[in-house]
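**Q** Each chain is listed here by its residues.
Number of protein chains: 2
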Amino acid sequence: MSAKKSRDLAVVLVSGGLDSCVTAAIAAQTHELAMLHVNYGQRTEKRELQAFEDICDYYKVPPSRRLVTSLAHLKKIGGSSLTDETIPVSRANLQSQDIPTSYVPFRNAHLLSIAVSWGEVLGARAIFIGAVEEDSSGYPDCRLPFFQAFNRVIELGTRPETHLTIHTPLIHMKKFEIVQKGLELHAPLHLTWSCYQREDVACGICDSCALRLRAFQKLGVEDPIPYRERPVYTY
Amino acid sequence: MSAKKSRDLAVVLVSGGLDSCVTAAIAAQTHELAMLHVNYGQRTEKRELQAFEDICDYYKVPPSRRLVTSLAHLKKIGGSSLTDETIPVSRANLQSQDIPTSYVPFRNAHLLSIAVSWGEVLGARAIFIGAVEEDSSGYPDCRLPFFQAFNRVIELGTRPETHLTIHTPLIHMKKFEIVQKGLELHAPLHLTWSCYQREDVACGICDSCALRLRAFQKLGVEDPIPYRERPVYTY
Numbered sequence: 008m009s010a011k012k013s014r015d016l017a018v019v020l021v022s023g024g025l026d027s028c029v030t031a032a033i034a035a036q037t038h039e040l041a042m043l044h045v046n047y048g049q050r051t052e053k054r055e056l057q058a059f060e061d062i063c064d065y066y067k068v069p070p071s072r073r074l075v076t077s078l079a080h081l082k083k084i085g086g087s088s089l090t091d092e093t094i095p096v097s098r099a100n101l102q103s104q105d106i107p108t109s110y111v112p113f114r115n116a117h118l119l120s121i122a123v124s125w126g127e128v129l130g131a132r133a134i135f136i137g138a139v140e141e142d143s144s145g146y147p148d149c150r151l152p153f154f155q156a157f158n159r160v161i162e163l164g165t166r167p168e169t170h171l172t173i174h175t176p177l178i179h180m181k182k183f184e185i186v187q188k189g190l191e192l193h194a195p196l197h198l199t200w201s202c203y204q205r206e207d208v209a210c211g212i213c214d215s216c217a218l219r220l221r222a223f224q225k226l227g228v229e230d231p232i233p234y235r236e237r238p239v240y241t242y
Numbered sequence: 008m009s010a011k012k013s014r015d016l017a018v019v020l021v022s023g024g025l026d027s028c029v030t031a032a033i034a035a036q037t038h039e040l041a042m043l044h045v046n047y048g049q050r051t052e053k054r055e056l057q058a059f060e061d062i063c064d065y066y067k068v069p070p071s072r073r074l075v076t077s078l079a080h081l082k083k084i085g086g087s088s089l090t091d092e093t094i095p096v097s098r099a100n101l102q103s104q105d106i107p108t109s110y111v112p113f114r115n116a117h118l119l120s121i122a123v124s125w126g127e128v129l130g131a132r133a134i135f136i137g138a139v140e141e142d143s144s145g146y147p148d149c150r151l152p153f154f155q156a157f158n159r160v161i162e163l164g165t166r167p168e169t170h171l172t173i174h175t176p177l178i179h180m181k182k183f184e185i186v187q188k189g190l191e192l193h194a195p196l197h198l199t200w201s202c203y204q205r206e207d208v209a210c211g212i213c214d215s216c217a218l219r220l221r222a223f224q225k226l227g228v229e230d231p232i233p234y235r236e237r238p239v240y241t242y
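Line by line, the protein sequences give chains A and B.
Under the numbering used here, think of the first position of the first sequence as 8, with each following residue one higher.
Under the numbering used here, think of the first position of the second sequence as 8, with each following residue one higher.
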């Protein structure tokens, strides 16, 4: 118990999706957890918040170490199908190299800035974010060099006594490896929500559902959440 | 008129204070203006918003190019006398090298992230921010290396076709040089608000008032805004 108390604190960005859930499971191996959830006016905001709270409960994160905030201005700024209902959500095309319509301009910089401000006040030593470079549909703010450059900004832009570093444990994993890691660490994958489009049952056809379903299918494991459609993604 | 239309667009961060007003005046020499104002739960939020709108009007910025947002989570996170009313505002000590209580952890990263997201959607080419290295009371996120590192984050974290660069035209100026520049460019200094503590008349004794008053006093020019006290700052 006292050994546990002496571990460093980490702020984990938890959207409520599969990647962030597995990231929390990885962070929990070495750090005490503080969990941060950010609404940014996305269509599935309520369902994701529910998943966040469920994951916090699972990891017994006390209320003082849960922060839910919103970035309403990202909806005002628009430019993404996730926050602007006049832009349709693209049907999944996992082979395209284009930046999909769900890209929220520079979103991760906002999330990291909140994590850094909170982490600085809490005296945390690490920020964990479940970004994935290869499987992330080409979002420019999901690549390792972006996070490395951001670490430099943190070093220069915080108090001299603050030592906060971004950890991206999933960055070079493929989706099926993330699922595998989650299963191995007993991450509560059944509590997660990934769909960009629906809040009752996952649609099964948006980018995010497609990537997730394909990963479970590759492992021959059934995804524990309900879907409206479960296409087989063989490519 | 058509020559004016072809100029690049800049997003200018306008708090409503003296520095941001002079920065807008500088940006207006070379760019079309879009103006961004961010509330973050600071004590003088309403008065600063008024100053923002007045400065926008002065520069004839159309409504579609004004964005007012709020970062309510910075108040939730706390850690600063500007946003946490349990922490007293320090009385000015212009010779101290300590980070003052008004430091909002990592604030400029939040402001820049919003400017970048909006700038990317608008197709802007520049972000102007009125940060000042020497006169800024030692805030770590007001120094040139911080902005240089952030430019790298923008380059890596936005679409390949986005070319947005942060401009900090005041970064190496002293406060009296900023006032001088503002007078030279006919910046509407009478519309600005700098006080950290009051909204009716400026207090004259917080860090921000002290820096401003000292600058006008050095130039032998009367500061056009009303003060509750006007101490003479000779050091």
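By construction, these hints were calculated from the structure, which means they are not laboratory data.
A few of these clues could be false.
Copies of the same chain look alike in the list, so a pair counts if it fits in one copy or across any two.
Under the rule of at most 25 Å between Cα atoms (straight-line distance), these lysine-lysine pairs were calculated in the DSS-like manner [stated by the list, open to error]:
#, residue 1, residue 2
1, 67, 225
2, 67, 83
3, 188, 67
4, 53, 181
5, 83, 181
6, 53, 83
This structure is a prediction, so every number in the text was calculated from the model and none was measured.
**Q** Work down the list of hints and note, for each, if the structure agrees.
**A** Comparing the hints with the structure gives:
1. In this homomeric assembly, residue 67 and residue 225 never come within 25 Å of each other (Cα to Cα): the closest approach is 31 Å inside a single copy and 58 Å across copies.
2. In this assembly of identical chains, the alpha carbons of residue 67 and residue 83 lie at most 25 Å apart only when taken from different copies (22 Å versus 35 Å within one copy).
3. In this assembly of identical chains, the alpha carbons of residue 188 and residue 67 lie at most 25 Å apart only when taken from the same copy (20 Å versus 56 Å across copies).
4. For the identical chains of this complex, residue 53 and residue 181 are neighbours neither inside a copy (27 Å) nor across copies (48 Å), given an alpha-carbon limit of 25 Å.
5. In this homomeric assembly, residue 83 and residue 181 never come within 25 Å of each other (Cα to Cα): the closest approach is 33 Å inside a single copy and 36 Å across copies.
6. Within a single copy, residue 53 and residue 83 get their C-alpha atoms as close as 18 Å, and across copies as close as 20 Å, so both meet the 25 Å cut-off.
Hints 1, 4, 5 from the earlier list are contradicted by this structure; the remaining hints agree with it.
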